[in-house]
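A.B. asks: Order-wise, the sequence lines are chains A and B. Under the numbering used here, the first residue of the first sequence carries the number 1, and numbering increases by one thereafter. Under the numbering used here, the first residue of the second sequence carries the number 1, and numbering increases by one thereafter.
What the hints contain is simulated information worked out from the structure, not anything from laboratory work. These numbers come from a predicted model, not from an experiment. Positions of the beta carbon are idealized from the N, C-alpha and C atoms, including for glycine. Don't take each hint at face value.
[Unchecked claim] Here are the computed lysine-lysine pairs in the DSS-like style, where the Cα-Cα straight-line distance is at most 25 Å:
| no. | chain 1 | residue 1 | chain 2 | residue 2 |
| --- | --- | --- | --- | --- |
| 1 | A | LYS396 | A | LYS215 |
| 2 | B | LYS120 | A | LYS215 |
| 3 | B | LYS239 | A | LYS396 |
| 4 | B | LYS120 | A | LYS218 |
| 5 | A | LYS218 | A | LYS396 |
| 6 | B | LYS120 | B | LYS239 |
| 7 | B | LYS137 | B | LYS120 |
| 8 | A | LYS218 | B | LYS165 |
| 9 | B | LYS200 | B | LYS165 |
| 10 | B | LYS200 | B | LYS98 |
| 11 | B | LYS165 | A | LYS215 |
| 12 | A | LYS218 | B | LYS98 |
| 13 | B | LYS165 | B | LYS120 |
| 14 | B | LYS98 | A | LYS396 |
[As the list claims (entries may be wrong)] To give an idea of the chain B side of the interface with chain A (calculated C-beta under 8 Å), a few residues:
| no. | residue |
| --- | --- |
| 15 | ASP101 |
| 16 | PRO110 |
| 17 | LEU115 |
| 18 | LEU131 |
| 19 | VAL248 |
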Amino acid sequence: MSVIGTRPANRLSLLAAAFVIARRDFQAVLFSRSFFFFLLGPLFPLLIAGLAGGVGEKMNASVRQPQLGVALPATEVDALIGAQHALSVQLGDAVPQLLVLKRLGAQEAFDPRAALTPGVHADVAAVLTGTLQRPVLTGTRGQIEQWRGPVGLLAAAAIQGVPGPPPTVVLQGTVSSGASDRKGQMLTAQAAQTLLFLLTMLLAGMVLSNLVEEKGNKVIEILAAAIPMDAVFLGKLFAMLGVSFVGIAVWGSTAGLFTLATGGAAGGQIAALPTPAIGWPALFALGVIYFAMAYLLIGSVFLAIGSLAATVREVQTLSMPATMMQLVVFFLASYAMTQPGGRAETFAVIFPFSSPYAMLARAAQQPGLGQHVLAIGWQALCVMVMVRAGSRMFRKRVMKSGPSGVKRKGLFARLRRRRA
Amino acid sequence: MNAEIEEARAPGNVAAPDLGPGLGASDRAARPLAIEARGLIKRFDGFTAVDGVDLSVPEGAVYGILGPNGAGKTTTLRMLLGIIDPDQGYRRILGADKPHDVARAIGYLPEERGLYPSMKAYEAIAFIGALRGLPLKEGRRRGRELLEAHGLGYAADRQIRQMSKGMAQQVQILGTLVHRPRLVILDEPFSGLDALNQGKLETVIRNLAAEGTTVIFSTHVIAHAERLCDEVAIIAGGKVPFAGPVDVARDRIPPQVRLETRAEDGPWRAALPADARHEGRHWYFALPATGIEPLLRSLIEGDAGILSLSIERAGLHDAFVAIAGEAAARALEAATPEEEGK
């Protein structure tokens, strides 16, 4: 074997070393089956949402409208029915549908509670008794509170006669209003946050399984001997980020083709969304950056978890709290979005793990880019700290040797031993 | 008298055994150290895996770290490489305090072999080189060359998962060398290889040494260390009771005399040491401190009728037993599969 020739010295820079790892991981993942499933990933939420929507619609259709049971003197019943017909033309479903339970004769009594007994009249939610002058509404608290006003209106119309045809109202539409824009921007922010969250979770899971695989095939020691663990972590994180960008490009292209195929109907729906406070291009750019930050932050936590765990089972057990934490963070950011300027929003903006979500929501709702520069700087700093902490933990935990009794025990065994 | 006196490699009057580019004492002192470690200590969860290890490895040496499983060899190597940090002590490798600072000049074969199963053989070699700063394109070219040179050219495009364990191990060894390191560290490189490939690896190590590369390898097989090493560190229970030239280790035990006589008894018996063993027709005993000449004279004068007399220098195994103790030697033998000891 010839070992003669120039002999390089020194070391690879952190970024160059990370690039070696990232290049390998990127290629390996891109040509793996897991990437195919990653591409299919967004189909599952869409499928579930579609199924849930269909089921919900079916359920709505099957639920019949509650009716107001009527037991009034016979002379008043027809007047009430006439008033109901006349008013429902103007007010629609706000006026309850009537079911005549009994036309009462003079001095005839009627027990409304008996009529409300389950199984007697399935669709009757409340019963109107008494007279039109002194109507008595019997039913559950919520229902009678809801129908108090409409029943009074019906009774008044039945006594005094239904007012004549109302004057025609001329309609002048506007594209938006302050209230509708705010609601629309909030919807945009919510959609962006949800998309960010789903993508992040998908990727973090992949980076974790990638690391576990590496621990399994023992390559990790070769990496750790040649380059700093920081570079290994960074390389792995950025490889998966690159994979996700390929995924986004594929999804974006698919969505574009779908839009073209449907004659722009889907595009039209997006165009109908109110413009975000910082504009669409800036929102997209920030979306990509915040996605990268959110993923890098949670990815570094998942890598640290990978370093703590000795077995795949431990990885699964340990990653569950992290996933739960990520859900809590997502809910926090969602809640914070509804409280602009409040304490919750300030906390969500500063707390590293919720910061990307909260700031993306801000981008949709508040103008100004300066705050985003600050936030991205802060998040980048946190990423560096997390990567460094994770890699230190990794070096400390992973590369153990010694008698089998010491080196093969998992995290939980160590904890038990420590407690003992 | 038909005496045949072999004084092979007796201290003071024979040349050092030919073990390739061996290091004499003056040579050793003149060479800079490739590795210097002082007082390395590493504990895991209260267990002291390495307990105050000192090592001095001269540049260009073939250096063996010899000890049974669990003695602390791998942990020591991992500390030298910067994979883990020592709890106490310091190490300097190729003049650098941080091993990663000289990563391009080091090649490392871990004890737990590992390659990406989906990679092709030449790509795996190139990847290991790339980790050490070798451009990927050059690594691929050299990877194919190395595979060809070592009789594995036919498997260059084969995925690692399609290879036998031994073949994959050879690929990894080539990956360790592809960037032409100045220092090669091999952790139990012979384990998992058949006798033929063990021989090939020994040749590789000798060639590296001939080209001036420092080679350190850990092993629990004394025969490999004895055949290849200029120096050894004997490690047991996390401690290093001996580190230095192989000859010095062997010299810890006096040479053994094997004597065959015609007479079974007679006045010459008084000349033998009290602890002399009689097995068959031979007597075995340590060479007396006074040397061989007074003994020979007494035997001749006592009419022993010497048929043969040889002085044999102690082997590394005997030295290991003397230095590390019987228990460590038994552990070492227990961990040595038959084919590895050849």
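A.B. asks: Each hint should be assessed against the structure and marked as holding or not.
C.D. replies: Each hint tested on the structure:
1. A:LYS396 / A:LYS215: At roughly 14 Å apart (the allowed maximum being 25 Å), A:LYS215 and A:LYS396 satisfy the hint.
2. B:LYS120 / A:LYS215: The given pair, whose Cα atoms are some 20 Å apart, holds under the 25 Å limit.
3. B:LYS239 / A:LYS396: Status holds; Cα separation ~22 Å.
4. B:LYS120 / A:LYS218: holds, 17 Å
5. A:LYS218 / A:LYS396: Distance ~16 Å between A:LYS218 and A:LYS396 Cα, so the pair holds.
6. B:LYS120 / B:LYS239: violated, 41 Å
7. B:LYS137 / B:LYS120: holds, 14 Å
8. A:LYS218 / B:LYS165: Holds, at about 14 Å.
9. B:LYS200 / B:LYS165: Distance ~16 Å between B:LYS200 and B:LYS165 Cα, so the pair holds.
10. B:LYS200 / B:LYS98: violated, 33 Å
11. B:LYS165 / A:LYS215: Holds: B:LYS165 and A:LYS215 sit about 18 Å apart, inside 25 Å.
12. A:LYS218 / B:LYS98: holds, 23 Å
13. B:LYS165 / B:LYS120: Given that 25 Å is the threshold and the Cα spacing comes to 14 Å, the pair holds.
14. B:LYS98 / A:LYS396: holds, 17 Å
15. ASP101: holds, 5 Å
16. PRO110: Holds - the Cβ of B:PRO110 comes within 8 Å of chain A, reaching about 4 Å at its closest.
17. LEU115: holds, 7 Å
18. LEU131: holds, 4 Å
19. VAL248: Interface hint status for B:VAL248: violated (28 Å vs cutoff 8 Å).
Of the hints listed earlier, those the structure fails to meet are numbers 6, 10, 19, in rising order.
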